[in-house]
Amino acid sequence: QSVLTQPPSVSGAPGQRVTISCTGSSSNTGAGYDVHWYVQFPGTAPKLLIYRNNNRPSGVPDRFSGSKSGTSASLVITGLQTEDEADYYCQSYDRRLSGYVFGPGTRVILL
Amino acid sequence: EVHLVESGGGLVKPGGSLRLSCAASGVSISGYSLHWVRQAPGKGLDWVSSISASSTYIHYGDSVKGRFTISRDNAGNSLYLQMKSLRAEDTAVYYCATVGAELAPLDSWGRGTLVTVSS
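These protein sequence lines are chains A and B, in that order. Numbering-wise, our numbering comes out as the position in the first sequence, counting from 1, plus 15. Numbering-wise, our numbering comes out as the position in the second sequence, counting from 1, plus 19.
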C-alpha cells in the first residue's frame, strides 16, 4: 500500500486536458516536502518529468505542468498526445519513514 | 550527464544472497546521493535505499531493513546493494539513480537489472 495515493488511470482524447492527483499526509507532502513526477514507458526506466512541484527539466514539453497545495499535488497534461500514453508516478519524502515514497502510479489512456 | 549501468541481477533461491552493482560514467558520482529503486513485475516503483555522497547517511525502506546493505565506491564511481535473506517478494527490476542535492528528485536512472527470487 503506497504512502501517496494516485488514481489508477485517467483517460482523455487527443487534444484534451487530463489531471493526475497525488495525495499524501502530514508526514510527507503536508509537511512541506516537494513532489516530483516521473513518466515511465513500457520496458524502460522512469524519467523525471516535473521536479520541485512545478518545474520542468530541459526537454520536457510545456504541455506538462505541476502544482502543489497542502497535502495534494497535481500533474496536468494539456493538449494530450498519443505519445503521452504511459505510467506517471509522483514521489516525495516522508519524515516518519526517513525515505523517499512513491505513489502507486497512474496510467494515462488515450481514447 | 551521468550514465548508469546496473549489473548483478539473476535467479536466486529464497534465502539466498546477491550483490548488485551500478557503474557510473560521464560524471563523477562523488557529489551525488545515490538511490536504489525497485519495480516488481507489473507493479509500481518502490524506494529501496539511499546513501549520501560521503556515505555518512544511509537509509532503507522498511521492507528491506536488516537484509540489504547499500555501499559506494566514489573512487571507482560505483554503487552497490548487498541483498541477503532474499524473498519471493524481492523479485523486481532494480534501478540505481542519482540525486543532486538533499531531497532533490531522482534525476538520472539506469536501465535496471532483474532479480528473480524463486525455487
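Accuracy of the hints is not assured; some may be wrong.
SDA-like mimics (lysine to any residue), calculated; alpha carbons at most 20 Å apart, straight line [claimed, not checked]:
{"hint": "1", "chain 1": "A", "residue 1": "Lys62", "chain 2": "B", "residue 2": "Leu122"}
{"hint": "2", "chain 1": "A", "residue 1": "Lys62", "chain 2": "B", "residue 2": "Val24"}
{"hint": "3", "chain 1": "A", "residue 1": "Lys62", "chain 2": "B", "residue 2": "His22"}
{"hint": "4", "chain 1": "B", "residue 1": "Lys62", "chain 2": "A", "residue 2": "Ser24"}
{"hint": "5", "chain 1": "B", "residue 1": "Lys62", "chain 2": "A", "residue 2": "Ser36"}
{"hint": "6", "chain 1": "B", "residue 1": "Lys84", "chain 2": "B", "residue 2": "Pro33"}
{"hint": "7", "chain 1": "A", "residue 1": "Lys62", "chain 2": "B", "residue 2": "Ala42"}
Honestly, the hints are just simulated from the structure, not real lab data. Since the model is a prediction, treat every value here as computed from it, not as a measurement.
Evaluation of the provided hints:
1. A/Lys62 - B/Leu122: holds (17 Å)
2. A/Lys62 - B/Val24: holds (15 Å)
3. A/Lys62 - B/His22: Given pair A/Lys62, B/His22 holds - Cα atoms ~13 Å apart, limit 20 Å.
4. B/Lys62 - A/Ser24: Holds - the C-alpha atoms of A/Ser24 and B/Lys62 are around 14 Å apart, at most 20 Å.
5. B/Lys62 - A/Ser36: Holds, at about 19 Å.
6. B/Lys84 - B/Pro33: holds (17 Å)
7. A/Lys62 - B/Ala42: It holds: about 19 Å lies between the C-alpha atoms, which stays within 20 Å.
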